[in-house]
Amino acid sequence: MAPDTFMDLIGVWLAAVLSLCVFSFLLRDNILYRVTEAIFVGGSVGIGIVLEFWNGFYPKLIVPFQKFVAKAADQPPERWVWAAYMLFSLCLGVLFLSRFSRKQAWLSRFPMAYLIGLGTGMGIPLGIQTFIFEQTKATLVPLVVFQGELVQWSQINWIVTLGNTSLVVGVLCVLYYFFFSFKKTDLFSRATSRLGVAYLMLGFGASFGYTVMARISLLTGRVDFLKEDWILGTLRYFGW
Amino acid sequence: MILVSFDFAPDVSPELTPMAEAVVRHAFARGIHVIGIAAASAQGAPLAKTILENCAQNPRGLYPEQINGAHYVYLGNRPDMFSTLMQMGKDIHATYETDYGGRVLADMPFMRGVKTFQDVDYLVVITGYVGVPETWMQIANMKYKATIGMGMTAVSISGYMPYLQSKQITGLLPGLRGAAEYEIALGEPNVAVRRMVAQLFAHALVVFFIVVGNIEYFVRRRYGA
Chain A
312 MAPDTFMDLI
322 GVWLAAVLSL
332 CVFSFLLRDN
342 ILYRVTEAIF
352 VGGSVGIGIV
362 LEFWNGFYPK
372 LIVPFQKFVA
382 KAADQPPERW
392 VWAAYMLFSL
402 CLGVLFLSRF
412 SRKQAWLSRF
422 PMAYLIGLGT
432 GMGIPLGIQT
442 FIFEQTKATL
452 VPLVVFQGEL
462 VQWSQINWIV
472 TLGNTSLVVG
482 VLCVLYYFFF
492 SFKKTDLFSR
502 ATSRLGVAYL
512 MLGFGASFGY
522 TVMARISLLT
532 GRVDFLKEDW
542 ILGTLRYFGW
Chain B
4 MILVSFDFAP
14 DVSPELTPMA
24 EAVVRHAFAR
34 GIHVIGIAAA
44 SAQGAPLAKT
54 ILENCAQNPR
64 GLYPEQINGA
74 HYVYLGNRPD
84 MFSTLMQMGK
94 DIHATYETDY
104 GGRVLADMPF
114 MRGVKTFQDV
124 DYLVVITGYV
134 GVPETWMQIA
144 NMKYKATIGM
154 GMTAVSISGY
164 MPYLQSKQIT
174 GLLPGLRGAA
184 EYEIALGEPN
194 VAVRRMVAQL
204 FAHALVVFFI
214 VVGNIEYFVR
224 RRYGA
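Read top to bottom, the protein sequences are chains A and B.
With our numbering as the guide, the letters of the first sequence map in order to residues 312 to 551.
With our numbering as the guide, the letters of the second sequence map in order to residues 4 to 228.
Here chain A stands alone, though its shape is the one from the complex (with noise of 0.2 Å):
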């Protein structure tokens, strides 16, 4: 964002800067770099606490229960049992702050045992469906697909029928390369193995260069910040 105002100036060098003392660390690790480091680390934590205080503990319960308590003799008896699931949430929530104390650290395993208990009871079954049911489903296709009514080598599609050969023809050839309970000495296991680590090298490389594009992106950007925002917006405020 070009500085329109001079707070936005003084943000815009205040980045501008914190970005060439992370690029210093290419020389060498500085104490210019550590130092950068520490404030971010310790800016995203700073903010996190405020916007999660913000967004989520004062809307969600200090204000209704500032609702609650302002009319709390005609509140209907549903509302009381609201009232105290909140305040058992917030204690049970308050716990985690024992673990800064080392006798009481122990409290802390209540609301954590709660935690694990409902992402576990929620997240497993779902889970299984997700990542297990449903791509194991996906797995299960055709080897040969016709593209009409008639089965006919004439009415093949050889594209999709290609495709789904190489897909189920991969994961079974990356599943036996996986599979170690016995050792394999023959020629179809050391083939199939052999077939199976291609299709692993093709997987990384394809992450690979996806990864070579991720970190240019962010370089990129951050070149671009530094051109535009920064020197040509810095000229741009000064009316140069």
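It is worth saying that the hints were derived from the structure and are not from the lab.
Where hints are given, some of them may not hold.
Said to hold, decoys possible - Short, incomplete list of chain B residues facing chain A, as computed with Cβ under 8 Å:
hint, residue
1, His-36
2, Met-140
3, Gln-141
4, Ile-142
5, Lys-146
6, Thr-156
7, Gln-171
8, Val-209
Heads up, the beta-carbon is just placed ideally off N, CA and C, and yes, glycines get one too.
Since the structure of chain A is provided, determine the placement of chain B on it from the hints.
Structure of chain B alone, referenced to chain A:
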């Protein structure tokens, strides 16, 4: 109506902001209402607001200026993504009673008919964090049968290709390349297309080094250096 989840913070912003802008501008150009949230990242919530406002207030001649509360709404972040999505699947208004600016959602005409994920035509999740797409797929797609498309950082894209094949997600934008392709498809090449020039040279350099490294390897093996 689409729901866009800006699940990223400034650390991956150079890669995902062009993509997020392209998606939002496309929706605005088609007259589609946009609900913005930042489900996964509290730190990314102010950034998402800036992106939405920038798209709404700088239409670049593609659409009329969009008004907050009439054409789009930004809801921000709520702590604990898993619980937030679970609750959104049952009642969006109970999860976010107000928008990021504190206005009551029920007062916005276009939000009155939106109760759950089922009332949104398409969910777009733009993220750079491992675990976030899984949570969206588990809850929004698997539990509440919503249709999801994703835009992701390039570094994590190959791990999520299988979900495209299994149709658990119906679209996948890979990093800056995806953003550039989206911009070209919209007929409005912008920052992502410009940055792809640097990508071209960087990739050419990496390919060159790989070739040189391989040649050296075979030469050493042949002549036993």
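Here is how each hint holds up against the structure:
1. His-36: Hint violated; His-36/B Cβ to chain A Cβ min 23 Å, cut 8 Å.
2. Met-140: OK, holds: Met-140/B within 8 Å of chain A, min 5 Å.
3. Gln-141: For Gln-141/B, the interface hint holds, since the closest Cβ of chain A sits about 4 Å away, which is under 8 Å.
4. Ile-142: holds, 7 Å
5. Lys-146: With a minimum Cβ separation of about 6 Å from chain A (threshold 8 Å), the hint on Lys-146/B holds.
6. Thr-156: holds, 5 Å
7. Gln-171: With a minimum Cβ separation of about 6 Å from chain A (threshold 8 Å), the hint on Gln-171/B holds.
8. Val-209: Hint on Val-209/B: holds, closest Cβ of chain A at ~5 Å, below 8 Å.
Violated hint for the displayed structure: number 1, the only one.
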